[in-house]
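2 protein chains.
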Amino acid sequence: MKISNIEKIVKKTFLNFNLSEKHSKICAKYLVKAELVGAASHGLARLKMYCERIKKKTINPKAKIKIKKISKSIAHIDGNNCIGFISADIGIKVAIKNAIKTGIGLVAVKNSGHYGLSSFYAEQAVKKKLMVWCFTNAPPAIAPYGAKKSLFGTNPICFGTPTGNKTPFILDTSVSMINRGKIRVAAKFGKKIPLGVALDKFGKPTTDAKKALKGVQLPIAGFRGSGLAWMVDIMSGVLTGANHGGKVKDPFDDFTGPQNVGHFFLVIKPNLFVGKNYYKRIKENIKRIKKLPKIKGIKEIFYPGERMNARYKRNLKKGIVIQKNILEDIKNLNAIK
Amino acid sequence: MKISNIEKIVKKTFLNFNLSEKHSKICAKYLVKAELVGAASHGLARLKMYCERIKKKTINPKAKIKIKKISKSIAHIDGNNCIGFISADIGIKVAIKNAIKTGIGLVAVKNSGHYGLSSFYAEQAVKKKLMVWCFTNAPPAIAPYGAKKSLFGTNPICFGTPTGNKTPFILDTSVSMINRGKIRVAAKFGKKIPLGVALDKFGKPTTDAKKALKGVQLPIAGFRGSGLAWMVDIMSGVLTGANHGGKVKDPFDDFTGPQNVGHFFLVIKPNLFVGKNYYKRIKENIKRIKKLPKIKGIKEIFYPGERMNARYKRNLKKGIVIQKNILEDIKNLNAIK
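Residue numbers (our numbering), protein chains in the order written: chain A, 1 to 337; chain B, 1001 to 1337.
Misleading hints may appear alongside valid ones.
To be verified - Capping the alpha-carbon separation at 20 angstroms, the derived lysine to any residue pairs in SDA-like fashion look like this:
{"hint": "1", "chain 1": "B", "residue 1": "Lys1008", "chain 2": "B", "residue 2": "Gln1323"}
{"hint": "2", "chain 1": "A", "residue 1": "Lys12", "chain 2": "A", "residue 2": "Lys68"}
{"hint": "3", "chain 1": "A", "residue 1": "Lys68", "chain 2": "B", "residue 2": "Val1274"}
{"hint": "4", "chain 1": "A", "residue 1": "Lys294", "chain 2": "B", "residue 2": "Pro1205"}
{"hint": "5", "chain 1": "A", "residue 1": "Lys149", "chain 2": "B", "residue 2": "Pro1205"}
{"hint": "6", "chain 1": "A", "residue 1": "Lys148", "chain 2": "B", "residue 2": "Gly1246"}
{"hint": "7", "chain 1": "B", "residue 1": "Lys1101", "chain 2": "A", "residue 2": "Ile70"}
{"hint": "8", "chain 1": "B", "residue 1": "Lys1182", "chain 2": "A", "residue 2": "Phe223"}
{"hint": "9", "chain 1": "A", "residue 1": "Lys72", "chain 2": "B", "residue 2": "Lys1182"}
{"hint": "10", "chain 1": "A", "residue 1": "Lys8", "chain 2": "A", "residue 2": "Ala335"}
{"hint": "11", "chain 1": "A", "residue 1": "Lys280", "chain 2": "B", "residue 2": "Gly1246"}
{"hint": "12", "chain 1": "B", "residue 1": "Lys1101", "chain 2": "A", "residue 2": "Ser71"}
{"hint": "13", "chain 1": "A", "residue 1": "Lys12", "chain 2": "A", "residue 2": "Asn334"}
{"hint": "14", "chain 1": "A", "residue 1": "Lys201", "chain 2": "A", "residue 2": "Lys249"}
{"hint": "15", "chain 1": "A", "residue 1": "Lys247", "chain 2": "B", "residue 2": "Lys1008"}
{"hint": "16", "chain 1": "B", "residue 1": "Lys1101", "chain 2": "A", "residue 2": "Thr102"}
{"hint": "17", "chain 1": "A", "residue 1": "Lys148", "chain 2": "A", "residue 2": "Lys210"}
{"hint": "18", "chain 1": "A", "residue 1": "Lys72", "chain 2": "B", "residue 2": "Lys1097"}
{"hint": "19", "chain 1": "A", "residue 1": "Lys283", "chain 2": "B", "residue 2": "Asn1165"}
Worth flagging that the hints you see were computed from the coordinates, not collected in a lab.
Working from the sequences, and respecting the hints, build out all of it.
See below:
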């Protein structure tokens, strides 16, 4: 299906669920973009969930986002329980503006929700020739090192920098062995997950996606990954005023209240210390790494974001295929009055 | 041996190698502190190397550190090829001062050297009730994902926050499966390293520390850890004006010039967004995680920095044992005129 058509249909869904014209457009754009970059787990499969949360009043479709200026560099945003895309989109834009003015922009967001892929926000900063870090917490999925119950979210670490060429360097990595969304998609389509990425509810390794969803995901590298997940929870939750320490609600399963996810955006000018040489330096850096001798089976060393960018461009041209059941969902949602 | 005595002897060594009174004291303090926290690989075993680099003019004992103010929040430091402890110590102090004044402090350091443990600097910020991130690059040790030659350093990620109690939360984790210093110590004492943390020079897994030093260390979690190492190299090297992309020199083996390591310090006030509640919130966060049901064999879940702090206190009381060969080295170094 053509991208512009899908965006129109999805926008209509959000309008139908009482979001404003502007907010509906933002949400539709980000959801479709997830499909375009090949992250179906963050894409249209979530549309029904957003609508259900609006219906059950755990998402506020008429959210009034408040921006509190702390200094010329720093701002605090209250998302008023909006869909995460909306407050995060405002958050990164404020951080970008502050960085352009003062060299550094820091924005904390509270009372938000799942904001899709961190790379969407990082990309905006990089397009303005800025370096960027994006952090968000998420519902319990990973067990802290030593615990047998999950508490941390998959808490991604995202970093972006301009590269001097058209494809930005965007690292966007969760600190779990596998993305929760990927397990969710595997469960939906009855596929297996790799061994060693999750435990079932009894603490035993499993390749059954459904059992993994009820169990515990494993952090990367034991206590190291556990520590990184803890850091992200403190930055995104404790610092910002959002939920933290396992209290971020699962958007699919927990309708007892708003998610209250937190985000942390840091943006800086890459020319602060080396001036215009930054571009020469980053190009040289990437060149050196790409030139290294490769292990068997590897033709090219990609920098983070390169492959996602290629997928995005490919899909933008040829369009995307939407699963029948999701298309059915959208039709039903758009028919509700 | 008593701590104050060791510090005196080590200070004498640095004085003997033409460092100023002030710089000798700083370097002695940090080296001994590494021993106290149980990181022998970052401790006195390095003293001889520092002296050799001074003798071979790849470390400047009379370095004049330049601080360039970029804004009230941001500064750039040129270490003038000093021992890393010195410029990093100044760097974190400037970042702390700026954060106290403006809410956020960012300091980039270039022309520096190996600065010991990141946690030493993080701790200083946390003691002033601030949140902190410290990054540094390092000589090639880890192969980028897909490459069979090492290029990234062990590039640690360090994060600290006050906890409202006496023991700070300090995560200090390299993005390699194992610390290069630990392999070095294992090689020195003929001990084995675990399987799966390094490859020999032919690309085969090895448990022989000496072979691992000539081979390649593995990043945590494949492309994820490789991406994190790349991020740290860009932040610490490309951005700051220091060496990067595999050009940071190995302090033990490469005397062709100064190391030119780079550091990146970011400090913020934890009360920026939630005021004094930060302490209540971080205490609650830690409490929830400590209360989780534990896996078999685990009595307590520690937060990052807790065990290191305990080791430090224990060793501070009882003193530390210095290996005979290192004591011999120090005697020889102090006898040189």
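Hint by hint, here is what the structure shows:
Note on lysine 1008/B and glutamine 1323/B: the hinted pairing holds, with a Cα-Cα distance of about 17 angstroms set against a maximum of 20 angstroms. Of the supplied pair hints, the one linking lysine 12/A and lysine 68/A is violated, its CA atoms being roughly 31 angstroms apart against a limit of 20 angstroms. Proximity of lysine 68/A to valine 1274/B is assessed by CA-CA distance (about 12 angstroms); at most 20 angstroms being required, the pair is judged to hold. Restraint check for lysine 294/A and proline 1205/B: satisfied, since their Cα atoms lie roughly 17 angstroms apart, inside the 20 angstroms limit.
Restraint check for lysine 149/A and proline 1205/B: not satisfied, since their Cα atoms lie roughly 33 angstroms apart, outside the 20 angstroms limit. Distance hint between lysine 148/A and glycine 1246/B is unfulfilled; the C-alpha atoms sit about 40 angstroms from each other, more than 20 angstroms. A hinted pair counts as satisfied when its Cα atoms are at most 20 angstroms apart, and lysine 1101/B with isoleucine 70/A qualifies at roughly 13 angstroms. Proximity of lysine 1182/B to phenylalanine 223/A is assessed by CA-CA distance (about 17 angstroms); at most 20 angstroms being required, the pair is judged to hold.
Between lysine 72/A and lysine 1182/B the CA atoms are separated by roughly 44 angstroms; this puts the pair beyond 20 angstroms, and the hint is violated. With a C-alpha separation of about 15 angstroms, the suggested pairing of lysine 8/A with alanine 335/A holds against the 20 angstroms cut-off. A threshold of 20 angstroms between alpha carbons decides the hint, and for lysine 280/A with glycine 1246/B the separation of about 16 angstroms falls inside it, so the pair holds. At most 20 angstroms may separate the alpha-carbon atoms for a hinted pair to count; lysine 1101/B and serine 71/A meet this at roughly 11 angstroms.
Between the alpha carbons of lysine 12/A and asparagine 334/A the distance comes to roughly 7 angstroms, so the proposed pair stays at or under 20 angstroms and holds. Restraint check: the Cα-Cα separation between lysine 201/A and lysine 249/A comes to about 19 angstroms, which is no more than 20 angstroms; the hinted pair holds. Simply put, lysine 247/A and lysine 1008/B have alpha-carbon atoms about 50 angstroms apart, too far for the 20 angstroms limit, and the pair is violated. A threshold of 20 angstroms between alpha carbons decides the hint, and for lysine 1101/B with threonine 102/A the separation of about 15 angstroms falls inside it, so the pair holds.
A hinted pair counts as satisfied when its Cα atoms are at most 20 angstroms apart, and lysine 148/A with lysine 210/A qualifies at roughly 18 angstroms. For the suggested pair lysine 72/A and lysine 1097/B, the alpha carbons sit about 18 angstroms apart, so the restraint of at most 20 angstroms is met. At roughly 45 angstroms between alpha-carbon atoms, lysine 283/A and asparagine 1165/B are farther apart than 20 angstroms, so this suggested pair is violated.
When held up to the earlier numbered hints, the structure conflicts with 2, 5, 6, 9, 15 and 19 and fits the remainder.
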